[in-house]
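Trainee: Now for the letters of each chain:
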Amino acid sequence: MSALEHKLDAGEFVVTAEMPVIDGGGHAELQRQLEFMRPYVDAYNATDNPAAHAHVSPLAVSIGLLQVGAEPIMQLVCRDKNRLALEADLMGAAMYGVHNICCLTGDDVTAGDEPEARRVFDLDGVQLIQLARTLERGHYLSGRQIEPIPHFLVGAVENPSAPPLEQRVRRAAKKALAGARFLQLQMVYRTELLERFLRAAADTGLSERLAMIPSIMILRTAGAMRFVASSVPGIDMPAELVRRVESAADAEAECFEVAYELASHAMAQPGVAGLHFISFRKDAGIAKLCARLGIATKQERESHGHSASVAVG
Amino acid sequence: MSPAHPTDPPPSTGARVVAALEHVVKKPIWDCRMCGQCVLHDTGLTCPMTCPKTLRNGPCGGVRPNGHCEVKPEMRCVWVKAYERSEKLPLWRDHIDQLRPPVDNQLKGSSSWINLATGRDKQVPAGWAPGE
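So the sequences go chain by chain: A and B. Read in order, the letters of the first sequence correspond to residues 123 to 435 in this note's numbering. Read in order, the letters of the second sequence correspond to residues 975 to 1106 in this note's numbering.
Next up, chain B with everything else stripped away, as it sits in the complex:
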């Protein structure tokens, strides 16, 4: 028998208010998509969820010679920006090379601030053990 993956309780009113507040702050600055497991500090303060392929571990091979996106030619590649910006950060510069786990789709719409505080955003599937 395999244990079922733990499911999260429905968010409280307070949690929903915090999520709404987070969205108001982060949407205009980073075009935040509320994935609920924020990695901005690891990716040069560039949101990887704004990549049309939502890639969390670096750019795809389709980046155009001018550094623009394969999918949206008018947009600079999110990861080209992420690498540039990560070099300018005083902290977390090497974090960009870390292997980030798959997105937990259960967290979509929830507050990454709360998930950071509770450690929920660090939970990965039981079988996920990178770098072995």
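Next up, chain A with everything else stripped away, as it sits in the complex:
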């Protein structure tokens, strides 16, 4: 059982973060990227060709993270691999003790820098969750036995601000039915949409089965906000938020305020089991934001065995 699984089972507040993409550099590069995040982050998402741009594979990064003493969440997307390749990656992960898996459908190839690539989507995100659970039952999709039987903590993602808004919780429920146990949410910039999603998830009992982990992205400029809005599929960025940063004397400080406001709002919603942070720059942004939010360090939370010390506001 992974530490993340243990923490989620115990109802402890968890902090996850996006591992920046790397293109080589071995353990030294991993350490360099982790340096400022380590004090707060429980587990790191090793992304799978995010926005359809090729980088070091999530399996390699996940194994590397384990080797440098950090806990990985291996993302897998359905865009680049058929079911055989996905099974092989899951089994490779299990072989090295990479237990946390996050299953995504994946951005389309047209979102990336090689739009001429063939899109695969042999499975969809929900079926990929089910595939991981299938392996955990001790056999491949074909029914062929597996020994030793792998164990995973399977998670997924959902986007509360993408249409059809009323149906997103139903889709999340389908992911729980398939076997997902945590749900990392896409960044939501319209707080009312996150509220709506999390309230519906709480009211239907879904957040008891599926640990809800909203995402917070730390940006630095209005230009970066516009770039994310235009090039990351599924992001609904209100124009007034960009204008607010644009007209601020210190854009970076204002961006940080925006991230703080979104994060404290998210933490106050029902069923929230943790937060997921995304920052493209290797600096102390995530640690600074966690400290401002009153989130205890990883060490403090682990030594207390419980994160009741988390304060909002």
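It is worth saying that the hints were derived from the structure and are not from the lab. Where is the CB? At the ideal position from N, CA and C, for every residue including glycine.
Per label pair, the in silico range of CB-to-CB distance:
(1) A:Met213 / B:Asp1005: 31 to 41 Å
(2) A:Arg312 / B:Glu1048: 21 to 31 Å
(3) A:Ala406 / B:Pro1039: 26 to 36 Å
(4) A:Ala239 / B:Glu1048: 19 to 29 Å
(5) A:Phe402 / B:Val1098: 35 to 45 Å
Covered, in the sense of this in silico footprint (three residues per stretch, anywhere, with C-beta under 8 Å from a C-beta of chain A), are these stretches of chain B:
(6) 1033-1041
(7) 1050-1058
Chain A is fixed; fit chain B onto it per the hints.
Mentor: Chain B only, in chain A's frame:
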């Protein structure tokens, strides 16, 4: 030893005629892609194979704020339409929430009518057991 997945015999002339007929009927109405395992009644009479990602279990997270497709901005998301239409159906309304198995790529081009009649379209890999 693991048993090989059963493979289908080549289609008879009759089966090919039925498939051609099915395509003639369903292509103009639903833009049918002849996956051979039709789920139209489960998806608000909207063909999920017309989704550029061929998603069978609901929309991806890339749907644009106006309800249009991530991949084809000029097209409304297949799943936005599917949910709307499923609400209007007298039957099968809840089927949209069912967990549909992976597509059996061996059935592509064959008649889903025949596969429905024979039960072939309900066959799933031996290891596939959702909802456990």
